[in-house]
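By this note's numbering, the letter at position 113 of the sequence shown is numbered 113, and the numbering carries on one by one without gaps.
Just so you know, these hints were derived from the structure itself, not from any lab.
Heads up, a few of these hints could be off.
Claimed, not checked - Derived pair list, reagent style DSSO-like, types lysine-lysine, alpha-carbon separation capped at 30 Å:
(1) K114 <-> K36
(2) K93 <-> K114
(3) K36 <-> K53
(4) K30 <-> K93
(5) K5 <-> K36
(6) K53 <-> K114
(7) K5 <-> K30
(8) K93 <-> K5
(9) K53 <-> K93
(10) K53 <-> K5
(11) K30 <-> K53
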Amino acid sequence: MNTFKNLLQSTGLSLREASRYLDVSYDSIKAWLYGKYNCPGGVILEMAVLCNKQGAAADAVLDLIEENPDAQDVEIGYCADDHEAQGLGWPTKTAHDAVIRRVIEGCDDLLAIKLVPRGSTTASAAAEINA
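All chains, full assembly: derive it from the sequences and hints.
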């Protein structure tokens, strides 16, 4: 498996999403993915930066969960669409979903995780009431 393919899978972007995110043609994405052409270093760097940003975000959430060892369940808000994800600084909904996937993978198996639409979590509901 090549570096570009690994990064593409890690970030959760589809081929079309990667094409838009990197501002390159869909055919270029396919050529890099299947090893027809070498992927430029700048593209690898840009994908690695996104992957690292996702990892840091997931780690921050896991740290928050770890700070409350008595918690038995956790609600995680997911984005409804790309527009909402972009408002949070992610290029696509699937990039945000990849962060959530990392959080779930990093959690204790005994912890109950509930995925809910953003804005409907207990914390965000309380924030709206107090705003």
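Do the hints match the structure? See the list:
| no. | hint | in the structure |
| --- | --- | --- |
| 1 | K114 <-> K36 | 42 Å, violated |
| 2 | K93 <-> K114 | 18 Å, holds |
| 3 | K36 <-> K53 | 28 Å, holds |
| 4 | K30 <-> K93 | 21 Å, holds |
| 5 | K5 <-> K36 | 12 Å, holds |
| 6 | K53 <-> K114 | 23 Å, holds |
| 7 | K5 <-> K30 | 10 Å, holds |
| 8 | K93 <-> K5 | 19 Å, holds |
| 9 | K53 <-> K93 | 15 Å, holds |
| 10 | K53 <-> K5 | 18 Å, holds |
| 11 | K30 <-> K53 | 24 Å, holds |
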